[in-house]
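Asks: Now for the letters of each chain:
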Amino acid sequence: MISDITLGQFFPGFSPLHKMDPRMKIIAAVIYIAAIFTANTPAAFALMIITTFFMITLGRISFKVILKAVKPIIFILIFTAIINVFLTKGEGEPLLAFWVIKIYKEGIIRAVFMALRVVILIIGTSVLLTYTTSPIALTDGIESLLSPLKKIKVPVHTFAMMMSIALRFIPTLIEETEKIMNAQKSRGADFSSGGLRKRAKALVPILVPLFVSSFKRAEELATAMECRCYRGDKNRTKLKALSFKARDFFAFLIFSAVLTLVILSRNTDALIGIKHRVLDIVFYKL
Amino acid sequence: MSEPIIRCEHLGFTYTEDEENTDTARVEIPALSDVNLSVYRGEYIAVLGHNGSGKSTLAKLLNLILVPTEGKVYIDGKDVTDENFSEDDLFDVRRKVGMVFQNPDNQLVATVVEEDVAFGPENLGLPREEIRRRVTDALNVVSMQNYANHAPHKLSGGQKQRIAIAGIIAMKPDVIIFDESTAMLDPLGRAEVVRIMEKLNREEGITVINITHYMEEAARADRVVVINDGKLILDGSAKEVFSDISLLHRIGLEAPQGAELIHALRKDGFGIAGDSLTEEESVETLLAFLESYKS
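Protein sequence lines, in the order shown, are assigned to chains A and B.
To convert, note that position 275 of the first sequence is 275 in the numbering used here; the numbers rise steadily by one, no gaps.
Just add 286 to the spot in the second sequence (first one is 1) and you have the numbering used here.
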């Protein structure tokens, strides 16, 4: 299936999240990120966590995979959290004070929020954009979303074509690299011993033939594409067009609702006025 | 006979390359000169020639990847060197004269088989239902309908080449040029591709031009054209072309093995009668000869 390209760890499947239009997924991811950075109350964070769990379940992604995604950043996360705890100055009495270190309530809250933000950001965007969307679908989505830029002469189609050809050739080039490496090994090349410098040097005789053959491939492919009447996106139609379905609008509604709730729960003076007014209207209606 | 689909008159092509280590001097490398060739609808032609003989240049001239530097090419009656020849005409020629190349990997554009086959029709700007129909039909012709949703890089060489052929068929061309399309395939894949070539020629009425190194393939064609050092030197039925084996040897080519064997036997003084090109024919000729030799 389409999924056979192993880049960015796409997990093929037929879940509702997989079936979502890639354009809507990109839009949803933007809303989701906006919501994460707007959130600054425990209630808002609770809502974001619930949304993230909901996405994981909907995409049928195993929690093992999620843990794997978070693992590489745990160290940085703990480190920045500790710095936040120690360096944030708050009002009132410190919770803990010894020697020069004073820990305030605000510091702890800030550290927790920051850590949560990063974790759900990574989980949410991975689930939406990498785990459930094939790179090709993503490319199509980006091309379609950026197509208004064509009016100001941005070569959107060309970039998308380049992206999809690059994806198409990844397995071919991996295969070729293996072949070249085997050919070099059979003549006594050593790629697996020695220091970093020696190993890096050993890569040169692989890269040179790989580049030469890639250029040759590129030229042949260009000729083949011309033979098949390729002339950019001029007068071009598509076998599979992206189309928004009911589920995409539904997803849009959910994500917008989450963002609205998060904004409403914000603790800032400027918003409180608006918040009360909106709540007044809502309750008045009820 | 009706108007040929392809007609070349005194066709020639010269590559111009910058000479190494100099800024101004240019080297002209003549690849093809004074080729006169007419191809009629429905023909099955093989083009033979050793490496660098100019046979691939000829192919590229016929669908305007290269523009002739001398002489004229008429595709379906239209002069491609005419100054009124527009870009739309150019793409029309490329649609009419499809081309399948040597390396199947370097012809496939998409990551899914059916999307690759759809690439040509998409470029032609056809409506979606029509593209869908053509993709299905083309995959049926090459018997790859069960692989519509597969990734091309997981297929065998022969299968990939069949997908490449389907991609060309989907544009509904009048002529398909196979530019050494079997050279990189294993014997099984080669047989598959040749079978499809012949099926296209017989059942779909597509004119097939097979540029090849394999004499056995050439012997199956209705007409064989031999190119040597940029010149067309032989043009006739397979029997005619392979009858002058000494000439073929002089230009670095061979006849099919069976014919070679019989030629060698004749040279040694055995009076074997009859022509034979394919393996089966050679076997029969030799058996007949052995019978007569015994008695």
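Treat the hints with caution; some may be incorrect.
Here are the in silico distance ranges between beta carbons for each label pair [as the list claims (entries may be wrong)]: (1) B:A434 x A:R247: 22 to 30 Å; (2) B:S442 x A:K68: 49 to 57 Å; (3) A:L67 x B:E484: 16 to 24 Å; (4) B:E489 x A:R247: 42 to 50 Å.
Covered by chain A, per the in silico footprint, the following chain B stretches (three or more residues, Cβ under 8 Å) [said to hold, decoys possible]: (5) 319–329; (6) 364–370; (7) 386–396; (8) 425–435; (9) 517–528.
No lab work stands behind these hints: they were computed from the structure.
For every residue, glycine included, the Cβ atom is placed at its ideal position computed from N, Cα and C.
Asks: Each hint: holds or not?
Replies: Hint check results:
1. Between A434 of chain B and R247 of chain A the CB atoms are about 25 Å apart, so this pair conforms to the stated range of 22 to 30 Å.
2. In this structure the hint that S442 of chain B and K68 of chain A lie 49 to 57 Å apart at CB is violated, the actual value being about 34 Å.
3. With their beta carbons about 57 Å apart, L67 of chain A and E484 of chain B fall outside the hinted range of 16 to 24 Å.
4. At roughly 44 Å, the beta carbons of E489 of chain B and R247 of chain A sit within the given window of 42 to 50 Å.
5. Judged by the Cβ-Cβ criterion of 8 Å, the region 319–329 of chain B is not covered by chain A as claimed, because only 0 of its residues qualify and three are needed.
6. Counting residues of the region 364–370 of chain B whose CB lies closer than 8 Å to any CB of chain A gives 0, which falls below the minimum of 3, so the coverage claim is violated.
7. Counting residues of the region 386–396 of chain B whose beta-carbon sits less than 8 Å from any beta-carbon of chain A gives 8, enough to reach three: the coverage restraint holds.
8. Residue count for the region 425–435 of chain B with a Cβ under 8 Å from a Cβ of chain A: 1. That is fewer than the three needed, and the coverage hint is violated.
9. Restraint check on the region 517–528 of chain B versus chain A: 0 residues with Cβ-Cβ distances below 8 Å, three needed, restraint violated.
Consistency with the previously given hints fails for numbers 2, 3, 5, 6, 8 and 9, ordered from lowest to highest.
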